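With chain A fixed as given, assemble chain B onto it according to the hints.
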Amino acid sequence: MFIVRHKNIFLGIGLFLTLVSLGAIVRPGLDLGIDFSGGTLIEFSYQAGFQPSVENLRETLAEAGFERVIVQPTGENGILLRLPHISDADRQKISTALSNASSGSVTLENLTSIGPVIGSELKRKSIYAITGVILLIVLYITYAFRKVSQPVMSWKYGLIAVVTLLHDVIVPSGFYVLYSSLTGAEVDLLFVTALMAVLGFSVHDTIIVFDRIRENLAKNVGRDSFPEIVGKSLRETFTRSVTTSFTVVLTLLALIFFGGPQTVHFSVLLLVGIIAGTYSSLCIASPLLIFMEARQRRSSPRRS
Amino acid sequence: MTGTNRVRFVAILFLIVGLTIGYFNYYSDTVSEDSAFFFPFKLGLDLAGGTHLVYRGDLSAIDSGERGASMDALRDVIERRINIFGVSEPLIQVESSGRGDDTEGRLIVELPGITDIDQAVALIGATPVLEFRTEREGTTPESINDRITQFENGIGGPVTVDEFYVPTALTGRFLERAQLDFDPLSGEPGVSLVFNSEGAKLFEKITEANIGKTVAIVLDGSIISAPVVREAIREGKAQITGMFTAEDAKVLVGRLNAGALPIPIELLGSQTVGASLGAGAVKGGVRAGLIGFALVAAFLVLWYRVPGFVAIIALSIYTMIVLAIFKLLPVTLTAAGIAGFILSIGMAVDANILIFERMKEELSRGRTLEEAMREGFARAWPSIRDSNVSSMITALVLFTMSSSLVKGFALTFGIGVLVSMFTAITVTRTFLYSLGMAGGGSKIAFLFGSGIR
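Just so you know, the sequences run in chain order A and B. So the first sequence is numbered by numbering that gives the first Met the number 0: it starts at 0 and just counts up by one. So the second sequence is numbered by numbering that gives the first Met the number 0: it starts at 0 and just counts up by one.
Chain A on its own, in the form it takes in the complex (with noise of 0.2 Å):
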C-alpha cells in the first residue's frame, strides 16, 4: 500500500498542514463573527429606484449619532449595516434614520443584535461542545476496540483519533483565515456547526478504517507484520472512503451553488473539512498506528 510505503511523507504534508493552519489562526487569526463578539447586522433593501448611495446613508447615519457603522450593499438594492451592539432606543433611531434616506419604502430583512453576554456565553459553549464531542468519541473508541489490545492498545486508537481530529478542525480553521481574507465570511455559529460536523464524519471515516484493522488482526494468525495488516486494510477500504467521500462532496457542491447565501461558507468550510477529514483518516491515522505499534517493539522485545 503506497500509503504504508511513503508514510512519512503523508504524514508530513499532515503535520505541515497543521502547523500552517495553527499560524493562520494565531495571526493574523479568525474573524470572529457577531455571534461571538456582540454586535449589530442589520440588513434590509430599499424599494427599487429608491436606495440612496452609500454615501448619503453613511452620512444620515452619522448626523443620527451613529459614526461607528459598517455600510455595505448586497444583492440589487440590499444594504448590510454593521455595528456595536445598541439599545432599543437606538434601533428605533435607526429604523427612522434608514426610512428618513429615501423616499422609497424600506424593508428590513434581517436585524440580528447580540449582546456581548450571550456572545462570550457561546463562545465558551462551543469550545466545551467540541471539547466534549471529541472526548466522547474517544471514550468510545475505546469501548467499540476492546477487544483489540493487540498488539496496540485500545485506547491508543482512541488517542490517534483524537490527533487525527485535531488536524480536522485545525486545518480548515487555517484554510477559513484565508477564506474570510477573500470573501469577508465571519466565524458564527454555522461555522462551528461545520466543524461538528466535520468531526462527526472524520471519525466515521476513521473507525472505518480501524473496524477493518480490527477484523484483518482478528483473522491473521501471526503470518503478516502489524505494517502489512494496516496496509491490507486501507487498501481494502481505500475505494470505499473516497466514493463516500465524493459523494457528500457532490450534495455539498449543491450547496454551495443552489443552496441559496444563507450557507454558502458553512458549506465551502465543510467541503475543506471532509477533504482534510479523509485524508486525515487515510494517510494520518494508519501511519500512526503503524509508529505507535513499533514504538511499542521497541520498548518491550519479547512480543512479536
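These aren't lab readings, by the way, just hints derived from the structure by calculation.
If you want a taste of the chain B side facing chain A, the calculated C-beta under 10 Å gives, among others:
id: 1; residue: His51
id: 2; residue: Ser275
id: 3; residue: Ala287
id: 4; residue: Val295
id: 5; residue: Ile352
id: 6; residue: Pro381
id: 7; residue: Asp385
As a list, the in silico SDA-like pairs of lysine to any residue whose alpha-carbon atoms are at most 25 Å apart:
id: 8; chain 1: A; residue 1: Lys122; chain 2: B; residue 2: Leu395
id: 9; chain 1: B; residue 1: Lys282; chain 2: A; residue 2: Thr106
id: 10; chain 1: A; residue 1: Lys92; chain 2: B; residue 2: Gly124
id: 11; chain 1: A; residue 1: Lys231; chain 2: B; residue 2: Ala377
id: 12; chain 1: B; residue 1: Lys406; chain 2: A; residue 2: Leu165
id: 13; chain 1: B; residue 1: Lys406; chain 2: A; residue 2: Pro115
id: 14; chain 1: A; residue 1: Lys218; chain 2: B; residue 2: Arg364
id: 15; chain 1: A; residue 1: Lys122; chain 2: B; residue 2: Gly413
id: 16; chain 1: B; residue 1: Lys236; chain 2: B; residue 2: Leu179
id: 17; chain 1: A; residue 1: Lys146; chain 2: B; residue 2: Met420
id: 18; chain 1: B; residue 1: Lys282; chain 2: A; residue 2: Asn76
id: 19; chain 1: A; residue 1: Lys122; chain 2: B; residue 2: Glu103
id: 20; chain 1: B; residue 1: Lys406; chain 2: A; residue 2: Ser36
id: 21; chain 1: A; residue 1: Lys124; chain 2: B; residue 2: Leu90
id: 22; chain 1: A; residue 1: Lys231; chain 2: B; residue 2: Thr367
id: 23; chain 1: B; residue 1: Lys282; chain 2: A; residue 2: Leu270
id: 24; chain 1: B; residue 1: Lys282; chain 2: A; residue 2: Gly77
Note that the structure is predicted; figures quoted are calculated from it, not measured. Using N, Cα and C, we set each Cβ at its ideal position, and we do this for glycine too.
Below, chain B without anything else, positioned relative to chain A:
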C-alpha cells in the same frame, strides 16, 4: 411461498409504504387546515420570518429556592401580554433559572411573523404602571388650569404630574382584576378595578383622608382621570371612565390583568428575519437538496450499477421517512437544519457504499452472488454501527448546546443518521434479494461490479 417470493412481497410492501409516506408528505402540506391530516412543515424563524428575542431576568433579589417560580411567573406574564397582541404560535420558554451564585435567568421569546421588532419589544417590556396619587398641598383645579394656560402661552416647561400630585402606596400591584364595562347612563366605555384585601384597605385610607379633594389615577405617568372623592370607599372598587374608546379600554384591561413583570428584565439579543429572505432560503435549500440528490443518484447508478439503482430506491424511501418524521414530531426546520438533513443523506449513502464495496470484494474472491450479498451485509454492519454511533454522539452533544441554530442542525442530522441505519440495511437488502439474481459469471460481475472495470 418460496424465499425469493417472500422477499419480493416485502420489497413491494416497502415500495407501497414509501409511496404512501411520500403522498402523505405532499398531501399533508396542501390539505386544508381543518383536516386531521394537516401536518405542514414547521419552518423556523430564519425561514418563515419573525422575531427571536433573548431576555435576561434579574434574579438577584429572589431567594435561590424561588428563582424557578419567578422565571415561570415572568414567562406567564409575558405570554399573557403576547396573547393580547394576537401572535400565532408564539414560543416563550425559560432557558435557565440561574444556579448557585448565578442570579441570571434566561428567557427566549419567538414571535413568528412579527417583523416589527420595536413593537414586539415595546409590548413585552411594557410595564403598565398604574398609580393612585393624592393632591400636593396647594393644588386646586384652578391652579392646574392656570399652569396649563401658562404653558400654552409659552411660559414654563411642560406640565408634569409630579407638580400637583404625590404618589401613594397604592399601585397596580394591589389589583385583583380589571374589567371592561360601560357607564349605564352615558354608555361610555370604562374600566372597573377590583383591589385585593390589602389594596382595599389602602384605598379606604386614601379616600378617607381626601374627602372633597381629587385622587388622580395615573397610568404610565399620565393622568387618566382625577375624580373628586365624596366619601371613604370601603369595598375596594374603583372606576375609571371618560378618557377612552372601547378599544383603548380593552387593551388597558388586558395589560392590567396581565400584571407587572415580577422581576426586571433586560434584552440581551434579538434577531428579526424578513419573510422574503426566509422564503429565499427555503427555495435554496429545496433546490440544493434536489440537485444534490440527483447528482448522487447519477453517480450511484454509473458507479455501482444494479446495487446503485437499488440504493437510490432505498434513499428515496429514506428521504420520505425522514421528511414524514419532520412533519409529525414536528421538527422546526431552519437553514442549518436543512443542511444537516442534506449531510445525513451523505451518511445514508455511505452505509450503502460500505455494503456494496464489501459485496464486490467477496465476489472477486470467487463467491457466488448470494454468498457475497450475505457476507457483504454481515461484515459491513460493525463498521456502519460504530461509525453511526459516533455520528449520533456528535448530534447529541450538539443538541445539548442551547443555541437553537445548532440544535436544529443536530436534530435533523441525528434523525437522519438513525433512520439511515434502518433503510441502508433492511430496505437495501430486501430489494437486492428480491431481484432474484444468483450465481456468478461475467454478467453478474459486471452488474454488481463498480467503477470503470
